[in-house]
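Residue numbers (this note's numbering), protein chains in the order written: chain L, 1 to 161; chain Y, 1 to 296.
Don't take every hint at face value.
Some but not every residue of chain Y turned toward chain L, in silico, with C-beta under 7 Å [unchecked claim]:
no. : residue
1   : ALA11
2   : HIS192
3   : PHE194
Ranges of calculated distance between the beta carbons of each label pair, as one might list FRET restraints [what the hints assert, rightly or not]:
no. : chain 1 : residue 1 : chain 2 : residue 2 : range
4   : Y       : SER270    : L       : ASP83     : 26 to 32 Å
5   : Y       : ARG52     : L       : ALA6      : 23 to 29 Å
6   : L       : GLU86     : Y       : VAL216    : 38 to 44 Å
7   : Y       : ASP272    : L       : ALA6      : 50 to 56 Å
8   : L       : GLU86     : Y       : ALA214    : 51 to 57 Å
9   : Y       : PHE292    : L       : ALA18     : 40 to 46 Å
10  : Y       : ALA148    : L       : GLY72     : 25 to 31 Å
11  : Y       : ARG244    : L       : GLU86     : 56 to 62 Å
Once the Cα atoms are required to be at most 25 Å apart in a straight line, the calculated DMTMM-like pairs of lysine to aspartate or glutamate come out as [stated by the list, open to error]:
no. : chain 1 : residue 1 : chain 2 : residue 2
12  : Y       : LYS10     : L       : GLU32
13  : Y       : LYS235    : Y       : ASP252
14  : Y       : LYS10     : L       : ASP89
15  : Y       : LYS10     : L       : GLU17
16  : L       : LYS157    : L       : ASP89
17  : Y       : LYS10     : L       : ASP28
18  : L       : LYS157    : L       : ASP147
19  : L       : LYS157    : L       : GLU130
20  : Y       : LYS235    : Y       : ASP272
21  : Y       : LYS10     : Y       : GLU94
Treat the hints as calculated values from the structure; they're not laboratory data. The beta carbon of each residue, even a glycine, is placed where N, CA and C say it ideally should be.
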Amino acid sequence: MTAPVAIALEVNGERVEANVLPRLNLADFLREHLQLTGTHVGCEHGVCGACTVRINGEIVRACLVLAVQASGQSVQTIEELSDSGEIADLQVAFRERNALQCGYCTPAMLMAAQDLLRRQPEPSREQIREHLSGNYCRCTGYQAIVDAVEATARARKARAQ
Amino acid sequence: MVSGKVAHMKAPPFAYARATSVDHALDMLSMHGEGAKLLSGGQSLLPAMNLRLMSPDIVIDIGDLTGLRGISIQSDVIRIGALTRHVELLESPEIARLAPLLAEAARHIAHPAIRNRGTIGGSLAHADPAAELPACMVVLDATIVVRARGGERRIAATDFFQGIFATALSADELLVAVELPIGRGPATYFFHEFARRHGDYALAGVAARATSDAQVLSEVRMAFFGIADKPILAKAATSLINVRGTPERIFDAAEAFGRELDPSEDQQASADLRRHLAKVLFRRCAETLLGFEPVL
């Protein structure tokens, strides 16, 4: 009964099929089976946010989703957001403002920040803080991260006009 | 990590089955009894399993039962399916209009990535004493609708929550929906909680509903969470009914409320801190419901 289960899902636009144990979470599946190691594993119980990915366009904690639950769904990881250029400006802003030090939280911080910017193109600093409140950063004190997200929002707005 | 041993932060092995209908889920529940756990959003169950606080033999995934998802308005109730996610409570125009307390509470539930998966049925069935939605159900006089193979039961929210992670649900029952009475006339609501970080479990919180006229409350219910093993209604709030609300009366009622409490103590907060926070919440809640500017 605890035998592997066949799953089929889309990851970063590619169809993936695998046999996985029910206990395998999506973060470990992405990292260990698909070598997509941009999704980080921190607390493994939903507190730190380092494993944030998109399922069907919405951000979720990959450590709180079983790989078997992701069967039939479309998953996007930081590799896709980075390679497609979707967040190139946000990444530049993070670099320019030193919004990262060790970088462990950064992929998920970018996922969460981009999620906010897609919903709310002109967020206040308070809204930025609230949306990123589920992502721990133990290095920066968050100020530079909020700065980078705010700067990206402004730059995108200026470009759109 | 203990040296020489691997610290487990992964769920122990379990069998997995995806339910294809409510009846299918109920058949499996009845077959496996206490060894089974239902999985909807998984935002409470999976952390508990990763921490090895729970180790079900079989996980029954009800995530495909889309009939259990959604918000509908019936004659005098708003019915919320068990699989309705927190983000849907937050964004639903019906909830904003008919149960604004729930939208406000949902804003405080964890973080966006968790609100995108976590469900109302999961939160209520899990019955974490610090969770927001159980207290809201008590305040809003919700009916919890549960189903087993033998039929359906309707349980008043005040009877549903029984203690830490303990509810009136039997092992063979599935929570299918909640129903909230509507059309009871205009009311005012209050929701607030104190947490170490926005989105963390509350050290103390309150959800409240009142009807009032010219600074006189004709009805008031305040349910506190995070301070006991289940949501508790403040008895002292009744002393504010049908009298002119004054700062002195509110202060006295808050003090009386503090004496009702026997708050829990843990790493997050001492019993005294929780009692203090609960009294502050009581006072701010009463002041807001009465239309005063809260004295902070």
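ARG244 (chain Y) versus GLU86 (chain L) beta-carbon gap, inside 56 to 62 Å or not: holds (59 Å)
Verdict for GLU86 (chain L), VAL216 (chain Y) (Cβ pair) under range 38 to 44 Å: violated (56 Å)
LYS157 (chain L) paired with GLU130 (chain L) [C-alpha distance capped at 25 Å]: Holds, because 21 Å separates the two Cα atoms, which is no more than 25 Å.
Restraint status (C-alpha distance of LYS157 (chain L) to ASP89 (chain L) at most 25 Å): holds (12 Å)
Given pair status - ASP252 (chain Y), LYS235 (chain Y), alpha carbons within 25 Å: holds (13 Å)
Hint check: 7 Å Cβ-Cβ cutoff, ALA11 (chain Y) to chain L: holds (5 Å)
Verdict for ASP272 (chain Y), ALA6 (chain L) (Cβ pair) under range 50 to 56 Å: Hint holds: Cβ distance 55 Å, inside 50 to 56 Å.
Given pair status - GLU32 (chain L), LYS10 (chain Y), alpha carbons within 25 Å: Distance ~14 Å between LYS10 (chain Y) and GLU32 (chain L) Cα, so the pair holds.
Hint check, HIS192 (chain Y) versus chain L [nearest Cβ-Cβ separation less than 7 Å]: violated (15 Å)
Pairwise hint evaluation, ASP89 (chain L) against LYS10 (chain Y), where the allowed Cα distance is 25 Å at most: Distance of about 36 Å is beyond 25 Å: violated.
Whether the CB-CB distance between GLU86 (chain L) and ALA214 (chain Y) falls inside 51 to 57 Å: At 55 Å between Cβs, range holds.
Pair hint outcome, LYS10 (chain Y) versus ASP28 (chain L) [Cα-Cα no greater than 25 Å]: holds (10 Å)
The structure fails hints 2, 3, 4, 6, 9, 14 and 21 (numbered hints given earlier, in ascending order).
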